Amino acid sequence: MFRIGCGAGFSSDRLGPAVDLARDGALDVLVFETIGERTLAFGHRDRQANPARGFNPHLAARMRAVLPQCRANGTRIVTNMGVANVTAAAQLVVQVAKELGLSGLTVAAVLGDDVTDQLGPETVLFDYEGRSIADVGRPLVGANAYLGIDAILPALETGADVVITGRVADPSLFLSPLVHHYGWRHDDWPQMGQGTLVGHLMECGMQITGGYFADPGFKDVPRLADCGYPIAEVAQDGTATITKLAGSGGAVTEQTVKEQLLYEVHDPTGYLTPDVTADFATVTVEDLGQDRVRVSGAQGQRRPDQLKVTVGFDGGLLGEAGVSYAGPNALARAALARDILNERLAQVLSDGTHDLRIDLIGVDSLHATADVRYGTEPGDVRVRAAMRSADRTAVELMLWEVEALLCCGPAGGGGYRGQISPSVVTHSAWIDRDAVATSVEVYRT
Amino acid sequence: MTNHIPLHKLAHARAGDKGNTSSVSVWPYDPGDYELLKEKLTAARIKQSFPRLIQGEVRRYELDGLRGLNFVMYEALEGGVNTSLNLDSHGKSWSSLILSLDIEVPDNRG
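Which chain is which? The protein sequence lines are A and B, in order.
Our numbering applies: residue 1 is where the first sequence begins, and numbers increase by one.
Our numbering applies: residue 1 is where the second sequence begins, and numbers increase by one.
Wrong hints could be hidden among the right ones.
Claimed, not checked - Derived pair list, reagent style DMTMM-like, types lysine to aspartate or glutamate, alpha-carbon separation capped at 25 Å:
#1 B:Lys18 - A:Asp355
#2 A:Lys219 - B:Asp33
#3 B:Lys47 - A:Glu129
#4 B:Lys92 - A:Glu254
What the hints contain is simulated information worked out from the structure, not anything from laboratory work.
Keep in mind the model is a prediction, meaning the values are calculated, not measured.
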């Protein structure tokens, strides 16, 4: 039985449960999955600000916390924490290993996902009504192809203790060590489908052990503050049992597994990755009790000929600012504040177009655009303005106007906060598999 | 005669996002309610319920074996996680949005 754990399912996932897995999981491989469309954009933003950055900000802390145990237990680490700067990330892992006195440790960096130079102004963005990169009208900051197992396997074959990548398909982080261990054929599509199922279920960490799930009174989860990360026990045929460490909080049940099965999936019979066109509609989910759920039966067909590319553009600045109102008639005062802001911003921002939005948090914010209103009148309402613009002066003016509400707006406004941060907007394109050349760099301590 | 039950009482759901596309899977607590949801919670119902939010089409995938429905809503995330000015730019809360709908049931059930 091959044992894979997931020590992070997103960029800012908790550290402690990963340490628990490294120590007690008896793992062959520990995966840290930390890239999403949002955090890849952050990686590019960070690298633009400082060419030595752009990898996951928690990389050093995570490595410091788990490397000694993983080394002692013979657990290999596979992670995409390289984000937008894989080489710098690999060098940082080496530096941390040296500080820990771990000699003879090998780090393999998977390169080639950065395809910025392969794209041009005419490159079509399939999520942008077929328009091109030139049509976006913003500076390109970086483009990354979703690499698959064929990029990661050469790194595993070096025997590296740590394999670090940038943008790879999340399930490939799990499928590649399975293929490496069991010697599955890359064109055994049903087998790739089943292995991809395991990776897909594991890639979001706690989302299968009770995170992103609890709904008190309807779906209760024990001890979420101590929730454990998942472990997959994978057999030669790819059948897997999803579980977690005994004594950890959370739950692995038929319900948690089913919800994660379709997470970010569109057509369940055609889930596209660089490795396979997977079919999850045929999957069997068996709750064995005691936080053990067996999954089997995924199918697969030939992998796509093209790779998906996330293309990042300079999104200018994102400004957000808010003021709160509470107590009797709070909603009316917040609504008045919103009216004042709309009138004021129309005056001070008259020279240019800016994306601007004003919400009443506690009344209609998240679902305002769905035109849904819930419940009775709240006694605690926050006016929130958000704005994206390339013009810093305009964003600063917006923050100023929100703060001015403290003395110039309705009675009893308080709790002003405002911030401005650089942003990257993203679109998606396809690239021919042949146009993407991948390579592996190996570092030793 | 008919009665209306909040979908939140009948089913649980999870939302995911890719670009400007939201997907929400819906799973009845009681597998016996799967056929009811299949009949009442159509793609057209979702599209009609949120006409301003969902700019594109809604597709529904049925997993008869696992008794779950998967809704894919195109052009529904105000541009997507890196573009939307919504406080919840991922649309993580879209699961609750779907569960806020009512389901029409025969009068003999509470």
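Hint by hint, which ones does the structure fall short of?
The structure conflicts with no hint, since it agrees with every one listed earlier.
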